[in-house]
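Enquirer: The chain contents come next:
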Amino acid sequence: MSQRYEIRFSGAGGQGLILAGVIMAEAASIYDGKQAVQSQSYGPEARGGASKSEVIVSDATIDYPKATVVDALLALTQEACDKYSHDLKEGGVLLIDSDLVKNLPKGNFKTVAFPIINTAKNEVGREIVANIVALGAIVALTGVVTKESAEKAVLSRVPEAFLELNKKAFNMGYEKAIAAKA
Amino acid sequence: MAKKVAFLQGNEAAAQGALYAGCTFFGGYPITPSTEVAEVLSNELPKIGGKFIQMEDEIGAMASVIGASLTGAKVLTATSGPGLSLKQELIGYACIAETPCVIVNVMRGGPSTGMPTGPSQSDVMSAKWGTHGDHPAICLVPASVQELFEETVRAFNLAEKYRTPVMVMPDEIVAHMRERIVFPEPGELEVINRTAPSVPPEQYKPYDTSFGDVPPLAAFGTNYRFHVTGLNKGQDGFPTTKAAWVQAEEERQVRKVEANVDDIVQFEEYLLDDAEVAIVAFGSTSRSARFAVNEARKEGIKAGLFRIKTFWPFPEKQINALAGKVKAIITPEMNLGMCTGVVKGCIDGKAPVHGIFRVDGEPINPGQILEKIKEVK
Amino acid sequence: MAFDYDKYIRPGKLPHIWCPGCGHGIVMKGLIRAIDTLGLDKNNTAIVSGIGCASRLPGYLDCCTLHTAHGRAAAFATGVKMAKPEMNVILCGGDGDGTAIGGNHFIHACRRNIDMTYIIMNNNIYGMTGGQFSPCTPTGAKASTTPYGNPDPSFDVAQLAIGAGATFVARGTAYHATQIDKLIVEAIQHKGFSVVEILDDCPTTYGRRNKFKSVIEMMNRLKDVAVPVKAAEKMTAEQLQGKIITGVLHKVEKPEYTTEYAKVIERAQK
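Which chain is which? The protein sequence lines are C, S and X, in order. Position 22 of the first sequence, counting from 1, maps to 22 under my numbering, and the rest follow consecutively. Position 134 of the second sequence, counting from 1, maps to 134 under my numbering, and the rest follow consecutively. Position 220 of the third sequence, counting from 1, maps to 220 under my numbering, and the rest follow consecutively.
In short, the hints are calculated from the structure, not lab data. This one's a predicted model, so the numbers in the text were calculated from it and none came from an experiment. The beta carbon of each residue, even a glycine, is placed where N, CA and C say it ideally should be.
Label pairs and their computed distance ranges (CB to CB):
(1) X/Gly130 - S/His132: 19 to 27 Å
(2) C/Asp87 - S/Asn193: 43 to 51 Å
(3) C/Leu163 - X/Gln269: 21 to 29 Å
(4) C/Glu148 - S/Glu276: 41 to 49 Å
(5) X/Gln269 - S/Trp245: 44 to 52 Å
Start from the sequences, fold in the hints, and give me the full structure.
Expert: If you want it as C-alpha cells, here you go:
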C-alpha cells in the first residue's frame, strides 16, 4: 500500500484535466518505469460542470484503478474542490487556484495556493495551458515522477508549434508551486 | 529490439487489437462510452486500405459489418447498451447465418439511456439472451487495457474459428482508463483466419456439415456463388422447414460453442489454493477484488479470487469445483446480481453466495469487498 | 429464339412462392434480362433483399445472394459494396420493407449516393403478413388493419428517393414489362445510388379488399394510370390528376460514395 500514490486533477470540463492526468501517468509509466493508471469521470458537459481525472502511481501492480485515499488533489474550481476533496487524506497535498477557490475544505492538508489560471493567461501568455501550469505544480509538490520525465511526457503530447509555450507553462507551474510552498 | 510501448486508453487498445487481428472493416454509430473505438479506426483503417463507415443507426452498423464479412473481411462494430439492444436482431442473424463478426460493447448503466458516462456490468445477460431464439454466445470480459487488446484479438480468432458473432465487453472503467500497453510483435499472438472452402464452386455448400460443425465459409465476389438467409436453412443455404433438419441445425449452431467450452473459456485464479472465501468477479470489479484479497491476506484471512475472463460460455465447471472447496463465495458486480445468479445456478448449493451490487455509476471499491470478506469468513 | 432465363435461375428453386397474378415474377424476369444485357458476371454480382414477398427474389437467382432482415437490405448491401466496391450490388424488396422499417437505411443510401441499384416493388401493401397497410397504401384504401379505410397519407417513393439524394430515379409498372429491363439497365449503368420503383399488384391481399374483380383489372389500372415522362410534359396538372408518371424521372451526376472513400484512403496513405 505504501507504494501507491493517488493524485486527482479536478476542475471544470474543458480545462484539460484529463490530459494533465494522462501526461502525469505517462511520465510515471513510460519514462520513469513505474506502474500507472489514469481514469476519469465526467458529466455530459464537454465544457463546464465538474470533471476529474485520477492517476494512481505505484511500484507494484495496480489493482484498483480509482482513488481510495487521495494523496494529492488539484482543484481549479470551487465546485470541484467541494465535490472532490472528501477523500483527500490527512496531511495530503491540496493545490488550488487562489483566485477561484476561496472556501477551503476542512482538514489538515498541505495547502498550496497560487493563481494558476491567471499565471497561464498573463505570465505564460495563453489560458489554455493552465492545465500544464497545474501539472508542473503537482509534479513539484508530489515528487512521484521526476521533473525530467514529466517534461518529456509534456513535450511528446503537444503539437510542435506549442512546444515552447508548454515548456514555459510547465516550468512556471513547477517554480511557482515551490515558491508558494515555502 | 525493444517492443513498442504506449500509454493507451482501453478503447484505443480494442481498436489496436482489432487491427492486429486483421480487421479491415468497421461499421459503427456514435455512442458513449465506446466512440473512441470508432474514432481510432476511422483514422487507422484507411491507412491500410481498410474501410470505415459511420452508418445511419446502430442497426445499420450491425448490418454493414455482416454484409462486409460475407465478402471475406474481418469486421468489427462497437457500441454500448442501448446500441446493443438495437443490434440484437441482427446479432441473431449473424448467429443463424453463421457470419463471423466482433462486437465491442462498452458497458454503461441502463436500462434505456441510463447513465451514459457511468460504469456498469449490466449487459452480460444481454450478451447471451438479448437476441431471440436459441443461439451460441461468446462474450469476453477483459480487466485491463493490455487484456482488452489481447481479448479483442482472441475475439476475432473465435469469431472466425466458430463462424459466429463474438462480443468483447469491457465495463466503462476498463474502456476509458489508460495504462501502459506492450504491443505484441506480429506473429506473437495467434491470429486465426477464416477457413476457405476446399471444394470447387460447383460442389460448395455454405453449411455443409460433412466438414464438421463449422463448415467453411466462401466469400462473395470470388467464384463461389451462394445464398445467405436469416431463415432456418439447409446445407445449401436455402430456406427449409424440414423439422428434423431444423432441429439438427439449431443444435449444431449451439454445439459449436458448447462442445468447445475448454477451447473458449479462460479464467484466472489468484490465491485460491487454500482460500476459504472466494471472490468471483470480472472486469474492473475484479481489480477491486484483487486489492481486497491482498488486504484480507495481510490480516490473515484466507481469501482468493476467481477472475472470469470469458463470461459466455460461463466457467461453470471450474466455479462448481471451487464452490466445493470454499466456505463462501462473494460476487461483487456493477449490476443487481446477474453474475451472482449464474454462479448460484452452477454450484448445486455447495457454498453460500453473497452478492455485492452497485448500480449508482460508482465502482465497487476494495473496502466494500473487504468488509464482506470479513462478514462471511 | 426465346430468351433463356434458365441461365440465371438456380436449378431446382422454382416454382417461386408468389401468388398467381402477382407482378413480382415479371419484375424478376426484367431484372434477369437487364443482367444479361449488361453481361454482368454472376460471380461478381450481389443481390440483396430484406423481408417480404418481393425479398424472396434473390433466392431464385444464381448470383451471390443475401436475404437479410426486415428493412435492412440497404445497410447490409452498403457493407458488401464498401468492402468490395468492384462488385455489382443490386437490392430488391417491397414498399413496406423499404420505406417503413427500412426507411432510414433507404434515405441514407440515397444520401451517400453509393453505387448500387435498388428495385422497389411497390404493391401498396404488406403481402406476406396478410395485407396490412404500408406507407404506400393509398389513403382511404382497405387493408387488414384499415377496416374503415386507410387514414394515413402515403409516400411517393420516387420523390422520397430524389429528395434524399438518389442520383437516378425511375418508375415503371409490372404491366409495362418490356420497359422494366430497360429502366434497370440504365439504373445499373448509372454511377451512384439508383432507385427503380416498379408499381406492382397484389391481387391476394390488396385487390380482393379493394374491389378489383380480377388480376386483369389490376393490371389494366397500371396501364391506365401510367403516363410516360415525355407525354406528361405536355399535359396540364388537371390532366395529370390520378396519373402516375413513368420512365426516368431524375438523373444527375454527383460524387459516388465508394469513389470518395477511395480518395479518403489516398489521403490517409500520403
